[in-house]
Amino acid sequence: MAALCLGLAMALAGCAALDPAADSSGRDPRAAAPEALRFSDLYAGSTSRGLAFSEKLRSLAGSVVSMKGFMAPPLKPALDFFVLTAQPMSVCPFCDTDASWPADIVLVYLKDGALASPTTAPIQVTGALEVGSHTDPVTGFVSQVRIVADRVDMLE
Amino acid sequence: MRKLSKILSLALAVMMAAGAQGASLAEDASPSIRIFPVDRATILAGAVVDFKVEVNYSGGTADDVAVTLDGVPAVDVFGAATSEGITPEDGTYAMWEGVTFTRPGAVEVSVSANVNGITTEKTVAYTVLEAGEKKARNVILMIGDGLAQPTRTAARIMSKNLTEGRFNGYLNMDVMDVATLVTTSGIAALVTDSANSASAYATGHKTANNAMGVYTYNPNVDDQVGAKVENIIELAKRAGMSTGIVSTSEITDATPSAMFTHILKRSNMQAIADQMFLEGQRPDVILGGGAWWFWPSTTTGSKRADERDLIADFEGEGYAFVGSATELAAVDTASASRLLGLFNSGNMSPYVDKFIEKSPDILKGFDDQPSLMAMTKAAIDVLSQNEEGFFLMVEGALIDKQEHAMDWERAVVDTIEFDQAVGIAKDFADINDDTLVIVVADHSHSISVYGTIDTSKPGLEGLGVYENAKFPTYADEDGDGFPDVISPDITLAIGWGNHPSYYEDFRYHAVPSAPAVIVDDVAVANANGRAEDALLIAGNLTPEQPQEVHSADDVTLTAYGAGSSYFNKTLTDNTEVFFAMVNALGLNPLEFGK
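Residue numbers (the numbering used here), protein chains in the order written: chain U, 2 to 157; chain Y, 162 to 755.
Don't take every hint at face value.
What the hints assert, rightly or not - In silico DSSO-like links for lysine-lysine, alpha-carbon gap of 27 Å or less:
(1) K57(U) with K519(Y)
(2) K730(Y) with K295(Y)
(3) K519(Y) with K69(U)
(4) K618(Y) with K321(Y)
(5) K321(Y) with K519(Y)
(6) K426(Y) with K296(Y)
Claimed, not checked - Taking CB as the label site, the calculated pair distances span:
(7) E440(Y) with D137(U): 30 to 36 Å
(8) S55(U) with E476(Y): 27 to 33 Å
(9) G63(U) with P457(Y): 21 to 27 Å
(10) G526(Y) with A62(U): 43 to 49 Å
(11) G401(Y) with E56(U): 50 to 56 Å
(12) G640(Y) with E157(U): 46 to 52 Å
(13) S55(U) with G625(Y): 20 to 26 Å
(14) G63(U) with L702(Y): 43 to 49 Å
(15) E56(U) with V336(Y): 26 to 32 Å
(16) S41(U) with E258(Y): 39 to 45 Å
(17) T344(Y) with E157(U): 43 to 49 Å
(18) D734(Y) with E56(U): 29 to 35 Å
As the list claims (entries may be wrong) - From chain U, some residues computed to sit far from chain Y (all C-beta separations above 12 Å):
(19) A34
(20) A37
(21) F40
(22) R50
(23) L61
(24) S64
(25) S67
(26) K69
(27) F82
(28) P89
(29) D105
(30) K112
(31) Q125
(32) A129
(33) D137
(34) D154
Calculated directly from the structure, the hints in this document are not laboratory data. For glycine and all other residues, C-beta sits at the position ideal for the given N, C-alpha and C.
Next up, chain U with everything else stripped away, as it sits in the complex (with noise of 0.2 Å):
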């Protein structure tokens, strides 16, 4: 699995995980495997008065989760966030006033100044998992899901 080049940060480190403390260490301090989220499991269903999460879900909250899925056309061409998706989207709803996201999206929120190039490849994204709804204070996105990531890895 090759790691994803962040941006700025680490570009002269030679695009490694976004916590220097799993190359330096020489442990991984997450000994226990992330748990593997799919994105069918962020809900557990879908009516005309709400969308309801997953236990599973529900449970993560808080704890750390492994992601795959396809970052959505960024606002901007360097990220200190991005949206997981579980398709690759063909639109930008940041900037095509025609496109919606699906409900099923994850917004991602990289670590204190780090920031990640655009890619269509698909990626790996691990990080403490939170649940429920928040409006970025910047942007005014408002998201369901986020991760906030240790890590983004590409998986091709």
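Given the coordinates of chain U, work out where chain Y should sit on it, guided by the hints.
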């Protein structure tokens, strides 16, 4: 370092783009006057409009600003301006909000201003129109979003097919009283979007793309005050009529919301949902997708940034709420006078996915969505109880969205669904002969039917053009109007006049496959879901466009019933659709409340 330089070059590109925008503003750097409504506008006598005069690129130094209407100072016609301020184009404005033009005929507006000792002048002319005698009690405006003429042709082929060159039957929208061609451009660009064009139908005024019910040249500039123009739902409500909007998209999307809203940016859907509830703009029947704009932020899946529960607000005003096809079918339309139905969190699913493929991965739990026919029937049943009549807008929204994705089978099957809703509207019009039914696109797409495909052969070997274009093998044994098989042995060859780079495999995709995806800000052909022998077609759009885009071609309008003769002309400007509706209904705001 390669990544670093790429990031820097992208940042530079963004800065250059911003600089280019600044340059385009600077082109007009000499003082100039702008007047809303714009030159050659037609205004309904008695309709409420904001009259606005801007003196731009004046550095705020304009003085001796004189505004006259037919030579009479504006202050003597409308009173003092109700608001003044600065414009985004380094100027100042004065606005007379909520005024009316009452005398039918021509009006000449002249404005002069002194900027740094130089006099700048501008004159515009309006035509004020009064509706004729009432001909229709009801109007049903049926908008096929992106219903380019070739989608009508393709839908007729898929639904009815041909024998020896003659169609075996016609669509409902083919058998109407009158047809005309409609031109669709807005005030600031040749190619319209759905907001601008639907706003022209709803208000009789063209504006800029993204805006609805307000005049602006650049809706993306913040801190500006748009000049509002009254829309068809506001007028119909003032006349005591019932009103409704039905769409297969989010009900806050451009076409349905243009019927009632005043907003600079169509993407501001929370504000549009809030306006939908305002008494003067609130439709009696609201059916479509986009439930997540009605859920409080505390509800999972909500797109709202506040805790307002709009469904509860509507229920508090006596609306019956339904969330599925089953619940919609159970509504007692004889007793319900207000109905809110939201059938998906976002856009509803295309007909192919709702009723044919039914893939759980696509439907994502919304596996009981109604057809556009069921929504149209319910809306008419509820609204037709009002003896003062009704205005209903029905939109086949996903025709356009599937054309953008270059998924022609889904677009054309949704066209058939839309046509069956047209049939329901025509059946209602036949009962009392007091209803005008208009079927029209809001803009075109670059789609074209150029031959047929023998799907037993690989790639281009299956393509037939001219005499080799053997008739397709669509069949409708069950008589439901939809082809029994979406992709039979011989299907259609569909081409696109504009497109990103994409893989053409001449095959139906049961699982939708995007034509292109964005990689480093550039659209790249998407091979996922495409056949191995697919042809890579080089794009002819700028590289940031991952989808097919609208075209400026004229669109076909067909009309049926009372008042349809208004369209008995060759070419119709899109703003005239509004005047056809108010003329059919005899809507004269000067008589409201008398």
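* To do: State the violated hints by number, sorted upward, taking the hints as numbered earlier in the document.
  => 6, 10, 13, 15, 16, 18, 21, 22, 28, 29, 33
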